[in-house]
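Based on the provided sequences and hints, a complete structural model is requested.
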Amino acid sequence: MVAESAMEASSLRIREVRKSFPAPDDPATRRLALDGISLSLAAGELVSLVGPSGCGKSTLLRLIAGLDSPDSGELMVGAESIVGPNAERGLVFQDPNLFPWLTVRRNIEAGLAARHVLHENRHEVDEFMRLVGLESFADAYPHHLSGGMAQRVALARALINHPKVLLLDEPLGALDAFTRMRMQDEVLRLWQARRTTMLLVTHDIDEAIYMSDRIVIMTQRPGRIERTIPVALRRPRDRSSADFLQLRGEILELLHFAGNAVAI
Amino acid sequence: MLQSETGPRIAEVDQAWTEGAPRQAPVVSRAASLRTWLPVTAATVICLGAHWFVSTTEPPAETRSYFIFLWSVLGVSIVLAAAQVGWPSLRRWMRQMGPIFAAALLVLVGWELITAGFRWLPLPYFPSPAGVFQSLINDRALLFDSTWHSLILLLGGYALGVIAGLISGICIGWSSPVRYWGMPVLKVVGPIPATAWIPLAMVVSPSAVFSAAALIALAVWFPVTMLTASGISNTRASYLDVARTLGAGRRYLIFRVAIPAALPSIFIGLFMGLGASFLTLVVAETVGVKSGLGWYVAWAQGWAEYGKVFAALIIMAAFFSTIMTVLFKVRDRVLVWQKGVIKW
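Sequence lines, in order, name chains Z and H. When you line the first sequence up against this note's numbering, it's residues 1 to 264, in that order. When you line the second sequence up against this note's numbering, it's residues 265 to 608, in that order.
There could be a bad hint or two in this list.
A partial selection of chain H residues facing chain Z, derived with a Cβ cut-off under 8 Å [unchecked claim]:
{"#": "1", "residue": "Thr499"}
{"#": "2", "residue": "Tyr503"}
{"#": "3", "residue": "Asp505"}
{"#": "4", "residue": "Val506"}
{"#": "5", "residue": "Ala507"}
{"#": "6", "residue": "Arg508"}
{"#": "7", "residue": "Thr509"}
{"#": "8", "residue": "Gly511"}
{"#": "9", "residue": "Ala512"}
{"#": "10", "residue": "Ile518"}
{"#": "11", "residue": "Phe519"}
{"#": "12", "residue": "Pro524"}
{"#": "13", "residue": "Tyr570"}
Calculated from the model, a selection of chain Z residues having no Cβ within reach of chain H, i.e. all distances over 10 Å [what the hints assert, rightly or not]:
{"#": "14", "residue": "Phe21"}
{"#": "15", "residue": "Leu39"}
{"#": "16", "residue": "Ala65"}
{"#": "17", "residue": "Gly73"}
{"#": "18", "residue": "Glu74"}
{"#": "19", "residue": "Glu80"}
{"#": "20", "residue": "Pro85"}
{"#": "21", "residue": "Arg89"}
{"#": "22", "residue": "Asp95"}
{"#": "23", "residue": "Arg122"}
{"#": "24", "residue": "Glu127"}
{"#": "25", "residue": "Arg195"}
{"#": "26", "residue": "His203"}
{"#": "27", "residue": "Leu255"}
Distance windows between CB atoms, simulated [to be verified]:
{"#": "28", "chain 1": "H", "residue 1": "Met447", "chain 2": "Z", "residue 2": "Asp25", "range": "51 to 59 Å"}
{"#": "29", "chain 1": "H", "residue 1": "Gln360", "chain 2": "Z", "residue 2": "Arg122", "range": "44 to 52 Å"}
{"#": "30", "chain 1": "Z", "residue 1": "Phe21", "chain 2": "H", "residue 2": "Thr586", "range": "49 to 57 Å"}
{"#": "31", "chain 1": "H", "residue 1": "Met447", "chain 2": "Z", "residue 2": "Ala174", "range": "46 to 54 Å"}
{"#": "32", "chain 1": "Z", "residue 1": "Arg122", "chain 2": "H", "residue 2": "Leu406", "range": "56 to 64 Å"}
These aren't lab readings, by the way, just hints derived from the structure by calculation. Glycine included, every Cβ here is placed at the ideal spot set by N, Cα and C.
Right, here's the structure in full:
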């Protein structure tokens, strides 16, 4: 029963959120970036946001993280509305943004140090370094790490605070294809181990199908949710199964990227 | 999986490590081994020859000290030449630095020939190296005392300026109200050379030493404030965003994110401030303070003892350069995480 309510507390509800920014060419007018976004994530769900660049995916993530506030609408985690950034909503960017002046270990500790709970939770640091397979790099500085390793450190740094919701803003976008597929499995492993609610922004359809329970497709200018597609494939998923490829074809069709484009 | 992903990076690190460690001594040709020890020894012999040739015209005392100095250099160079045979790291250092030392010794030869040898330059303004060396020895107590006073004044003023500069720089860089009111002050007051305040400082302050320290602090304060403020305000926004989502409060954001991120810029400010502090120190000692190397130079010049002037200049070069080196060493320690820093 306790576990049940704890799960509920990590659900995410977004209702009718609008956000506009001053237009870069004419500061007097405002341009709508998000127009009435409504989206709910059940606790422990992994949902992907897919859409063309400029559709407001990252803006939405920043709103959920609490780094920006919406013009109108409501964002809630469990029963609490989001008013500002907080350790219960972790955020991982495409650039790992590791603090270059800290070693791998200290980067992972940063979340605990920031909340003044490092002393009590020091044992967890080793646990998380093992979790992402970086024990032997504890004292290395970020500029010695490859892109994949740095992103794993960034994941561990975000996860050590035990966030209820983990927001991933194209976290694997800068990695090469092979590292990327390995990292997808790694993120899935972390997700299954911890059952964190995850919202993943990506523009890789395969990644979205491979990883998520649902795929939310957004359109641009202003950003709106066009459709939500449930992914009912059984895990672990096979990237080359017929069902996988069929779903992929449907989504590409929906995004007007199917192979039979009309010649002009 | 880890290995394949990190392969090339580890190799780079490995290489960086081994470059610092002694390698197996390669087989060297006779010419290469000569090149290791010959330049310094040969240059010293030339020095001795030139000095012996010139010394017939100089007072005996001056000649003797410089002879002793040159013979010691020759002795050391021969000892090093023998020691390097079984000491690879010493050999590498000698091969690296030998030509520089040899060139410095040849400059001494040129100097001696121009001054004492052919008397191309008027005395007493341009004494020979032997004369300067003698002044250095004769006046060593006073020179040491002057250096000590300069050091105390410099470090006092510099520390004061750095502390003030860091505080004002952090405040201006972090808080926009402080920037609004602080920047105009900085823009108007900062560019005035600290030495321009000397007449005013001497009137206002009861003690010359105190006002000199304040002027040095002022000279240091401006660049440190400027570079600290710009470093803080240019902190990558994404570092601050990440820290906020990790639960960081304002203290953490300032002291654990913005300041470390600004450190490379802060060190440039410390470096520029140090240069300004040397200038201000020497000028303040020349015109107001009755001690220190700046005072010593002015005093020696007053007695037309140019050997002492040059001696003090040599001490200043070594003194300032050492302090600069210390600053760079500190920076290298603090900024180990940064790639591609300029070496001093």
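With a cut-off of 8 Å on the beta carbons, see whether Pro524 of chain H makes it to chain Z.
4 Å, holds
Should the hint that Ile518 of chain H touches chain Z count as held when the rule is a Cβ pair under 8 Å?
Nearest chain Z Cβ about 12 Å off; hint violated.
Checking a non-interface call: every C-beta of chain H should be farther than 10 Å from the C-beta of His203 of chain Z. Is that right?
Fine: 19 Å to the nearest Cβ keeps His203 of chain Z off the interface.
At a threshold of 8 Å, is the proposed contact between Thr499 of chain H and chain Z supported by beta-carbon distances?
Violated, because the Cβ-Cβ distance from Thr499 of chain H to chain Z comes to roughly 11 Å (cut-off 8 Å).
Answer holds if the nearest beta-carbon of chain Z is closer than 8 Å to that of Arg508 of chain H; otherwise answer violated.
Hint on Arg508 of chain H: holds, closest Cβ of chain Z at ~4 Å, below 8 Å.
Is the Cβ of Glu80 of chain Z farther than 10 Å from every Cβ of chain H?
15 Å, holds
Taking the least C-beta to C-beta distance, is Gly511 of chain H closer than 8 Å to chain Z?
Holds, about 3 Å.
Beyond 10 Å from each Cβ of chain H, as asserted for Arg122 of chain Z
Arg122 of chain Z clear of chain H: closest Cβ-Cβ about 16 Å, beyond 10 Å.
Examine each Cβ of chain H, and state whether all of them lie more than 10 Å from the Cβ of Glu74 of chain Z.
20 Å, holds
Holds or violated: is the Cβ of Asp95 of chain Z farther than 10 Å from all Cβ atoms of chain H?
7 Å, violated
Given Val506 of chain H was flagged as interface, is its beta-carbon under 8 Å from a beta-carbon of chain Z?
Val506 of chain H check passes; min Cβ-Cβ to chain Z is 5 Å, inside 8 Å.
Restraint check, 8 Å cut-off on beta carbons, for Asp505 of chain H near chain Z
5 Å, holds
Checked against the numbered hints given earlier, the structure breaks hints 1, 10, 11, 13, 16, 20, 21, 22, 28, 31 and satisfies all the rest.
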